[in-house]
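Q: For reference, the chains in residue letters:
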Amino acid sequence: MASAAKRLEAVSDTATPQIAFDGVTLALGGKTIIENLSLGVRPGEFLCIVGASGCGKTTALRLAAGLYQPTGGRVNFDGQPMREPRREIAIVFQDYGKALLPWRTAAGNVSLALEAGGMPTAERPARIEELLRTVGLPGHAGKYPSEMSGGMQQRLQIARCLAQEPKTLLMDEPFGALDAMTRQGLQDEVLSLVAASGATVIFVTHDLDEAIYLGDRVIGLLPHPGRIGIELSVNLPRPRDQLSTREHPEFLRLRRQLFDFIKATEQ
Amino acid sequence: MNRTALIWRVASFAVAAGFIALWQLIANLKLVSPVFLPGPDRAWAALMRGFSSGDLWSKLAGTLEHMAYGWLAASIAGIAIGAIIGSSRTMRTYVAPSLEFLRPLPVSAIIPVAIAMLGLTQAMALFVIAFGAIWPIMLATIHGFAAVEPRLYEVARSLQMSRLAVIFKIALPSASPDILAGMRLSLTVALILSVVCEILAGLDGLGHWVLLSARAFRSADLFAGVILLGVTGYVTSVAMSLAEHRLLAWQASQR
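Order-wise, the sequence lines are chains A and B. Each number in my numbering corresponds to the 1-based position in the first sequence with 44 added. Each number in my numbering corresponds to the 1-based position in the second sequence with 608 added.
Hints are supplied without guarantee of correctness; some may be wrong.
[To be verified] So these bits of chain A aren't anywhere near chain B, every CB distance computed over 10 Å: (1) G73; (2) T76; (3) R86; (4) P87; (5) P129; (6) A134; (7) W147; (8) A151; (9) S190; (10) K211; (11) M225; (12) L230; (13) N279; (14) E294; (15) R300; (16) Q301.
[As the list claims (entries may be wrong)] One-sided and incomplete, this derived list gives chain B residues near chain A with beta-carbon spacing under 8 Å: (17) D649; (18) R759; (19) L760; (20) E762; (21) V763; (22) R765; (23) S766; (24) L767; (25) Q768; (26) M769; (27) K777; (28) W858.
No lab work stands behind these hints: they were computed from the structure. All figures in this text were calculated on a predicted structure; none of them were measured in a lab. Note that CB positions come from ideal geometry on N, CA and C, so glycine has one too.
Please model the complete structure; the sequences and the hints are all you need to start from.
A: Here it is, written out as structure tokens:
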């Protein structure tokens, strides 16, 4: 509860955005994928982006990561233009199987981020153990990713991202490939991890319920080219609960509004 | 080892023993003149005699030395050049046609050139062996580096890893199964070229031993040398497989 309160405070008391899209346009191969997108994400905010496939959700996330440079407009991080990816911004990819090093154990994969951050060798084991415990993988340090289930691999990727001690966590449909039970468990874990770290989150998903359940704000993109079509503030109490939150009248109202929007874009 | 595997192993030994028995039979019946074909008994005796006198040891050491130096030089150069070419699309585009021209070139065609430039020397042998053995390693490395999962490069970018760290922590380990397979192929090439160079340049080694034995019609010694070469090829290849198995333990569960 205390962490949730701290979170809300963090969201409300700072007005300057941590990540700011300022009239961002991105054209790849002569095709405009995102057009004139302006968007600010406040420090500590949990922003969800939804939209039909091909609306540029993932592209927007890659722009926020610095993996793409906009062809028009600017992406700023803490008021500075983003020229390249940075360690303060961690990305959780959907395809966890491709984003982990298969030749390194769970501990080794977490270690990669610590090595990149220049942590002395002697300090790494304790930190690795702590991170693996945080994501619910204690006792799996010696396993290779190929010996782990999809849910465990995604937890491992999250642990590696946490090892970056990110100010911003970008998540690209992180639970899209997981079964419903695993997904709900991980949703709650991500919420508590984020609450504890105070990180800003941009979370891309095609699951509208997931977006409302997790987010402080949900943005729906329109396709061809990608632009903002709807913006909803989610005023649901935290911590959220899989049963009571999803039965909350406000949840149902937002859900209806978002479904209507998506349905309209598909016509 | 389970039961089926054991039966297969026993069967394979039985086949080998059968071939040796057939060889002995042919020799005993003198279907081929004993001047050209000794029986396994005489070949074995010659092998033992060669070892006890110490002659074969030094020849074996010579061949192993040629093979090892040539192979190591090829490995280092092949991995380094392959890494440079493989990690850049531009390089691959520019260099690939030249590689396609050089690759099918029979190494034996290089030997006269090497002899003309370096003489009948150890340096010539080293050059020829390395030149022949570099191709499988280099091509495997190029392929391995080109096939690194692009997602991992994005992970590296977001971690702001240095170029060197990306090569040693991501590209090289990712390419290691390809590289090791190339190195195993090259091992055989290195052995073949060691023998060829010893025969052509009269360098100390089993190739030279085999040549001299043949010229002197000492067929038992000749076969002793041939057997020893076969064993060398087998043992080095098994050692390489064991090393591969150890280094690629992380792959075991994926297979």
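Q: With reference to the structure, classify each hint as holding or not holding.
A: Hint check:
1. G73: holds (16 Å)
2. T76: Non-interface label on T76 of chain A holds, nearest chain B Cβ at 23 Å vs cutoff 10 Å.
3. R86: Per Cβ check, R86 of chain A is outside 10 Å of chain B; nearest 22 Å; holds.
4. P87: Holds, because the least Cβ-Cβ distance between P87 of chain A and chain B comes to about 19 Å, which exceeds 10 Å.
5. P129: Violated, since 4 Å does not exceed 10 Å.
6. A134: violated (7 Å)
7. W147: Contrary to the label, W147 of chain A does not stay out of reach of chain B, its closest Cβ about 4 Å off (not over 10 Å).
8. A151: holds (13 Å)
9. S190: The claim is violated: S190 of chain A sits with its nearest Cβ about 5 Å from chain B, within 10 Å.
10. K211: Label holds. Min Cβ-Cβ 13 Å, cutoff 10 Å.
11. M225: Consistent with the label, M225 of chain A stays out of reach of chain B, its closest Cβ about 25 Å off (over 10 Å).
12. L230: Given that every Cβ of chain B is farther than 10 Å from that of L230 of chain A, nearest at about 20 Å, it holds.
13. N279: holds (32 Å)
14. E294: About 35 Å separates E294 of chain A from the closest Cβ of chain B, which puts it past 10 Å; holds.
15. R300: Answer for R300 of chain A: holds, closest chain B Cβ roughly 37 Å.
16. Q301: With a cut-off of 10 Å, Q301 of chain A remains clear of chain B, as the shortest Cβ separation is near 34 Å.
17. D649: violated (50 Å)
18. R759: Holds, because the Cβ-Cβ distance from R759 of chain B to chain A comes to roughly 4 Å (cut-off 8 Å).
19. L760: holds (7 Å)
20. E762: At about 6 Å, which falls below the 8 Å cut-off, the nearest Cβ of chain A leaves the hint on E762 of chain B intact, so it holds.
21. V763: Check passed: Cβ of V763 of chain B comes within 6 Å of chain A, closer than 8 Å.
22. R765: Result: holds, 5 Å to nearest chain A Cβ.
23. S766: The hint holds - S766 of chain B has a Cβ within 8 Å of chain A, the shortest such distance being about 4 Å.
24. L767: holds (4 Å)
25. Q768: Holds, because the Cβ-Cβ distance from Q768 of chain B to chain A comes to roughly 5 Å (cut-off 8 Å).
26. M769: holds (5 Å)
27. K777: holds (7 Å)
28. W858: Hint holds; W858 of chain B Cβ to chain A Cβ min 4 Å, cut 8 Å.
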